[in-house]
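A.B. asks: Read off the chains here:
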Amino acid sequence: MTLPDKKQQIIEDFSLYDEWLDKYEYLIELGKALEPFPEEKKTEDRLIKGCQSRVWLDSELREGLLFFTADSDAIITKGIISLLISVYSGRTPEEIAADDFGFVAQIGLKENLSPTRANGLVSMIERIKEIASNGR
Amino acid sequence: MTISEIRAQFPILGTQVYGKPLVYLDNAASAQRPVSVVECWTSLVQGANANIHRAVHKLAGSATEAYEGTRNAVRDFLNASSSEEIVFTSGATAAINLVAFSFGETFIEEGDEIIVSVAEHHSNIVPWQMLCQRKKAVLKVLDIDENGVLQPSALEKLISKRTKIVAISHISNVLGLINPVKEIVTVSHLFGVPVLVDGAQGIVHEKVDVQELDCDFYVFSGHKLYAATGTGVLYGKKKWLDAMPPYMGGGEMIHSVSFEETTYAPLPGKFEAGTQNFNAVPTLIPAINFASACRNSADVQEEQEAILDYVYKALTENPRVKLYGLPRQAKVPVFSFSVEGAHHEDLALILDKMGIALRSGQMCAEPLMDRLGETGLLRASFAPYNTLEEAKYFIKCLDKAIDMLI
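Read top to bottom, the protein sequences are chains A and B.
Heads up: the first sequence runs through residues 258 to 393, numbered per the numbering used here.
Heads up: the second sequence runs through residues 55 to 460, numbered per the numbering used here.
Do not take every clue at face value.
Lysine-lysine pairs mimicking BS3-like chemistry, simulated, CA-CA at most 27 Å apart [unchecked claim]:
1) K367(A) with K289(A)
2) K112(B) with K74(B)
3) K215(B) with K112(B)
4) K189(B) with K367(A)
5) K289(A) with K450(B)
6) K189(B) with K293(B)
7) K289(A) with K367(B)
8) K376(B) with K289(A)
9) K264(A) with K74(B)
10) K236(B) with K211(B)
11) K292(B) with K261(B)
12) K74(B) with K407(B)
13) K263(A) with K386(A)
14) K190(B) with K367(A)
15) K293(B) with K376(B)
16) K289(A) with K454(B)
17) K292(B) with K306(A)
18) K367(A) with K293(B)
19) K289(A) with K306(A)
Chain A residues, not near chain B, derived (Cβ > 10 Å throughout) [as the list claims (entries may be wrong)]:
20) E276
21) K299
22) D330
23) T334
Some chain B residues flagged as far from chain A (calculated, every beta-carbon gap over 12 Å) [to be verified]:
24) G73
25) S116
26) N126
27) V241
28) Y318
29) V375
30) M408
31) G430
Just so you know, the hints here were simulated from the structure itself, not pulled from any lab data.
Glycine included, every Cβ here is placed at the ideal spot set by N, Cα and C.
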């Protein structure tokens with residue numbers, strides 16, 4: 258699925274839920290479905306600063322495509338990073354670096370998190386962009 | 055005063071968040087303000103706004119009267135022996151910093167010891183650490199037992215000839231336990247050591263008589279006691295305040311200034327440099343009146359006890375929940391707990407969407423979190439305007455949130 262299609266799909270998925278509690282349920286499911294992240298990879302350099310809960314993000318470049326794995330000790334945060342990964346994993350660094358991440362605003366995620374948590378989301382996006390810009 | 059009469063004084067309690075009635079359970083972080091406090095502020099800003107202590111005009115006189123009248127009211131509220139012993143600060147943190155600096159300048163030397171408890175708020179740790187760094191002094195830590203209870207007998211073992219001050223909270227902002235401060239003062243005084251009591255939470259839940267308690271310093275913030283933000287009180291025994299140098303230099307704290315020599319104003323002006331928060335400080339009067347009325351209201355006391363019983367029982371009987379700060383006898387309605395298998399941040403996020411405001415995280419007490427072996431906790435803290443019905447809604451929503459996460 259192309260990046261615009263994938264983003265559109267997420268926006269549509271989110272629009273199914275009127276209540277924020279239902280959206281959280283959806284994020285919790287996404288978080289629970291995230292593939293296990295090896296304990297030994299939970300290192301300081303993979304930790305994303307600016308989140309109230311701990312979030313680790315790892316990346317790997319395979320045949321010109323970036324693949325992300327992640328984990329968090331909080332399940333909703335894990336759902337959020339899982340959502341981001343499902344959109345951006347398996348794409349070229351150039352495509353990710355050029356993206357505006359605007360779909361996050363469209364699903365209302367940032368506005369519905371408290372400022373400290375919204376900062377965490379911004380930090381996650383910035384780390385993904387940074388990885389893409391460095392092409393690794 | 056009934057609970058519904060009290061609630062009517064707080065318009066914010068009638069508002070909604072995400073379409074749900076607001077249930078405000080983050081009172082230990084900051085309380086809401088009654089109409090009387092808001093009106094006090096408004097009437098001063100609109101009718102008596104002028105800098106205090108300086109000018110001869112009418113407005114300045116009214117503002118000064120309101121400000122100094124508050125000092126007398128706080129003196130009576132704490133039963134201090136004189137208004138000179140009441141210093142206004144921007145809050146409890148500023149008051150502790152003042153003592154750590156000024157007391158430290160005079161009385162702390164290399165190798166001296168300062169005792170704090172492991173359950174202190176960062177505001178009652180970091181100023182002392184900074185002092186220790188400046189003076190090469192040593193910070194010693196009084197432990198708690200696994201339930202969070204402080205032992206005055208442990209203090210006897212920790213205190214030494216080098217101990218110069220003990221700084222302890224009246225009630226921990228995390229554990230919600232009333233510490234045996236009277237015993238701590240008695241033990242410390244046996245060794246000739248003064249005691250600072252951090253009353254940020256204590257002043258909200260307990261009647262404080264500083265002469266009866268015999269503490270050397272007592273500090274609190276106005277905003278946790280329903281007054282305007284940026285207000286705070288340092289009570290200090292005159293003998294200490296007289297012996298301490300000013301903390302900050304500037305306007306109004308001086309007697310005379312020349313480039314050769316500056317002399318300082320007498321107490322308490324010596325510690326109130328620069329323009330004071332004169333619009334906000336007088337809101338302490340309606341705030342104190344409200345707090346006193348709550349203490350004297352049988353309805354409030356009954357409701358608070360019912361909330362304590364209900365929440366305490368619900369949390370201790372839930373096998374997934376670990377509540378800190380036992381036993382019930384010494385507890386105020388401040389509940390910090392962890393839930394096995396559910397992160398405090400997730401729980402707080404979900405409860406927020408149910409209209410419940412509470413706190414998650416380390417609550418400015420990282421050393422205590424380390425001591426308890428937790429990365430963070432969830433805290434529900436109740437005020438006199440909270441109802442048993444809200445407590446029941448909170449427990450119901452907590453169960454639902456746990457079900458969502460596990």
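A.B. asks: In ascending order, which of the hints set out earlier in this document are inconsistent with the structure?
C.D. replies: 2, 3, 4, 7, 9, 14, 15, 17, 18, 20, 22, 23, 24, 30, 31
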